[in-house]
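Q: Oh and the sequence shown: position 61 is 61 in the numbering used here, straight run, nothing missing.
Honestly, I wouldn't trust all of these hints.
To be verified - Calculated cross-link-like contacts (lysine-lysine; reagent style BS3-like; alpha-carbon spacing at most 25 Å):
{"id": "1", "residue 1": "K197", "residue 2": "K142"}
{"id": "2", "residue 1": "K149", "residue 2": "K246"}
{"id": "3", "residue 1": "K142", "residue 2": "K246"}
{"id": "4", "residue 1": "K198", "residue 2": "K246"}
{"id": "5", "residue 1": "K149", "residue 2": "K197"}
{"id": "6", "residue 1": "K198", "residue 2": "K149"}
{"id": "7", "residue 1": "K197", "residue 2": "K246"}
{"id": "8", "residue 1": "K198", "residue 2": "K142"}
Claimed, not checked - Here are the simulated distance ranges between beta carbons:
{"id": "9", "residue 1": "E24", "residue 2": "F58", "range": "22 to 30 Å"}
{"id": "10", "residue 1": "P216", "residue 2": "M148", "range": "25 to 33 Å"}
{"id": "11", "residue 1": "A27", "residue 2": "P239", "range": "27 to 35 Å"}
{"id": "12", "residue 1": "T47", "residue 2": "V166", "range": "18 to 26 Å"}
{"id": "13", "residue 1": "S159", "residue 2": "L43", "range": "40 to 48 Å"}
{"id": "14", "residue 1": "A42", "residue 2": "T178", "range": "45 to 53 Å"}
{"id": "15", "residue 1": "A156", "residue 2": "L43", "range": "47 to 55 Å"}
{"id": "16", "residue 1": "R129", "residue 2": "P250", "range": "26 to 34 Å"}
{"id": "17", "residue 1": "C254", "residue 2": "E141", "range": "16 to 24 Å"}
{"id": "18", "residue 1": "P239", "residue 2": "A21", "range": "15 to 23 Å"}
Simulated from the structure, these hints should not be mistaken for laboratory data.
Keep in mind the model is a prediction, meaning the values are calculated, not measured.
Just so you know, even glycine gets a beta-carbon here, dropped at the ideal spot from N, CA and C.
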Amino acid sequence: MSSPVLLCALRGINAFPALRAALEGWAQGRDRFSTGDSLPQALMALTPEVTFRQAILFFTEADLVTGKARFHCLYYPQLWEHTKLTQICFSPLVAESWRCRAESLFSYMQAGAQVLCTVLLIKPGVWSRRLPGILRGLHLEKFSVVGMKHLELAVAAASALVPSEVQQDPAAVDAHCTYLTSGTALVLCLQRPNAVKKLMDLLGPEDPQLAQALDPCLWRAQYGTSTVQNGFYGSRSYPMAVRDVKLFFPEGLCCAQRQTVQEQEV
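Given these sequences and hints, build the entire structure.
A: Written out as structure tokens, the structure reads:
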């Protein structure tokens, strides 16, 4: 009789390449954990379509929902700490929460990408000269502007926008804050499916020279002159986007109250 298997459903940003990289690291590091064959072998679905077909073979609509509880298994911190994959929990409380019903596995997979909000801040000296072209570019990329305001940043707000990789350098932080507070900035709240990643893909790296080398059409390559005066700030992750929306648009947004907006109390 063969041994039982354990099935897991996982979701996360760039879930397929992240899980693939984790499994490759797992296979390469097997000798560090065991000298025998006691560790289980792991297989993964390679595409969303295959994932859906395999999931419906083993799980029902009520089996897998997202929630605060997590069913942790086969967890090796050395291999998984950088993958940022969220495990989907087994929960008997599906009928007790509208959020669980709305995020059931199959409904989530069939619905496609969720419409999210993100924040784009056009730095001083850029938006006053280039705004029409920037707005046209956002329209072509299918972003909807659901919030807009021009403001002069306080030092505290400016420091929150400094890239994390330079936070430990007081001189770099001071340079960023000095520039961000030197004039009026324009802040936009943007909405579209997969908004955070799409905006990051549009802006490119923080360094305009690196952006230029990667693709001259990237916005920081076009509008930036240095890592400080690089034209734009964009929310790097969805938690940061939620923070930025609450920071710059506490009065609310000009859009329908979608589920994601309601959940984050925006």
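Q: Please flag the earlier hints that this structure goes against, numbers listed from lowest up.
A: 12
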